[in-house]
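A.B. asks: Here are the chains, one letter per residue:
There are 2 protein chains.
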Amino acid sequence: MMKIGIMGYGNLGRGVEMAVNANKDQELAAVFTRRDPSDVKIATDSAKVLSADVLPEMKEEIDVLILCGGSATDLPEMTPKYAAMFNVIDSFDTHARIPEHFAAVDRAAKAAGRIGVISCGWDPGMFSLNRLYASSVLPDGEAYTFWGRGVSQGHSDAIRRIEGVADARQYTVPVPAAVERVRSGENPQLTTREKHTRECFVVAKEGADRSRIEQEIKSMPNYFADYDTTVTFISQEELDAKHKGLPHGGSVIYTGKTGESRHVIEYSLKLDSNPEFTGSVLAACARAAYRMNREGMSGAKTMFDIAPAYLSPLSGEEIRAHML
Amino acid sequence: MMKIGIMGYGNLGRGVEMAVNANKDQELAAVFTRRDPSDVKIATDSAKVLSADVLPEMKEEIDVLILCGGSATDLPEMTPKYAAMFNVIDSFDTHARIPEHFAAVDRAAKAAGRIGVISCGWDPGMFSLNRLYASSVLPDGEAYTFWGRGVSQGHSDAIRRIEGVADARQYTVPVPAAVERVRSGENPQLTTREKHTRECFVVAKEGADRSRIEQEIKSMPNYFADYDTTVTFISQEELDAKHKGLPHGGSVIYTGKTGESRHVIEYSLKLDSNPEFTGSVLAACARAAYRMNREGMSGAKTMFDIAPAYLSPLSGEEIRAHML
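Top to bottom, those sequences are chains A and B.
Here the first sequence stands for residues 7 to 330, numbered as in our numbering.
Here the second sequence stands for residues 7 to 330, numbered as in our numbering.
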């Protein structure tokens, strides 16, 4: 049994907990929190809730620590810090900072003889794998990634920060015509606006100026200005009833050529719960990190560096017999 | 530059040749044949055509030998034999015999300090990877594989062996209603007949009894008897005009649960040319075998054992920067 620790208990931490409990070869040893542990109620009776402060004393009790913090400020500090003590997994997704994050984790993990797998999940993660496999097989081709239909928590948060907004949910939606053009193999050049639209469901505070709110959303740089954005005002009751889930998904479509022949490779995800699926990927990566470390490997890794067999609870004989 | 050899020059050998020539880090050194080399014309001016008999003397000239023989009789003998001399790649697809084939290749390759990657292609191959990734991430789920619409060469050959048949092409076609039921997440139990239909285009010899041919096809055990099969007689001209290509494809659909949430993972291929795509996968696996062997690894491998980064011509830094 692999003993798993979870650092941070938000949506992602709960998703990881569910995944670890579904894996027969893993057991949740403890959830670590920067809050007061007595304020944190977890779903696993057999696991402890402990302060993050005691982590340095837990090296014998934890085989892999799964870090469920945010990419903006938590993980750049947390992952190298804990890679010096544990095999660690994170879902770091700030693309531009991956090289420095990888380097920092690599230094710490190598010095400690541990493994740190960064940027696990579905994008980065499963989608990255599909971009890599497709382009390795068909060098003359192009990868297109579409996200959604799904809830973007970052965009929902951005709307909630606008004055007069009580609550909000933002859906990222691929443009069907763009998806069809890509699938057809015509290799289109697509602008940001041509690929995705953004649907916002907003609960306004009483007396708030709705047209100003709508204008502020639609003109917000980076988040909405480059997209066709629709804003629909709804009641808190309707938002709670219809928009409380965190579904997501999307597709990586790769079109490539060999001679005169065209080939289309498409990988798609339809996820009822983004954090539960992401947590499941992290738990599988924890299994791989544990095994790779036991074989003597150390340092920073991404899913690109993990032979798929390490992710499976089954033996080599079993996967060759049943899945090959 | 990796120096690649191709053993066997049928449809698959030509597909590998095209793929190697599209890869900037590989060059085709030679095609080896059991026929008279002067009878074999290849598409690459810079490469030699040589008798398979000289292979034992070519250890310095070939980094990886890609074996393009058939699974029934060629590869069980060829792959272990040449794994004792070279890093080798094959597309062995006789499922029931994979354990013994793996063991034979493993013995030979380990003794020689070489790598033998078996069962590369798309199924086994890319589809296997998708079954493995999905089931590793979501243990509570089910994988469904659909093949087609595409030409089955084995089934086409079976029809051509019937008396009175001049030529034939058989298409395997997934049943759309079955695909939809799987996608919906209902986890159906599907019989062979419910999953695929078989469409046969047959050129009858002059004077042949068409109703007997149709009956013989439809009642052929294993190949057709368990399927809804349609037989359409056409002229040789029409077959040559409309059915000379070797398109194929299909999809792996995995539906799984976490708690109350359902997730659908779908990987699909639409290939204009089955042998050209398969050849492209083999060439990428040759790159991986070459690198893994240079790092000191040896023995039999499948795509399950290859960290995806080894398949790409790009460096770790490049793939993290551009594909993660």
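Treat the hints with care, as some may be off.
It does not matter which identical chain is meant; a pair holds if it fits inside one copy or across any two.
What the hints assert, rightly or not - In silico DSBU-like links for lysine-lysine, alpha-carbon gap of 30 Å or less:
1. K65 to K250
2. K250 to K47
3. K9 to K65
4. K224 to K116
5. K263 to K47
6. K9 to K224
7. K248 to K54
8. K263 to K30
9. K276 to K65
10. K9 to K201
11. K276 to K263
12. K263 to K9
13. K248 to K276
14. K87 to K9
15. K201 to K276
16. K248 to K9
17. K47 to K30
FYI, nobody ran anything at the bench for these hints, they're computed from the structure.
A.B. asks: Any of the earlier hints contradicted here, and which numbers?
C.D. replies: Per hint list: 1, 4, 6, 7, 9, 10 and 16 violated.
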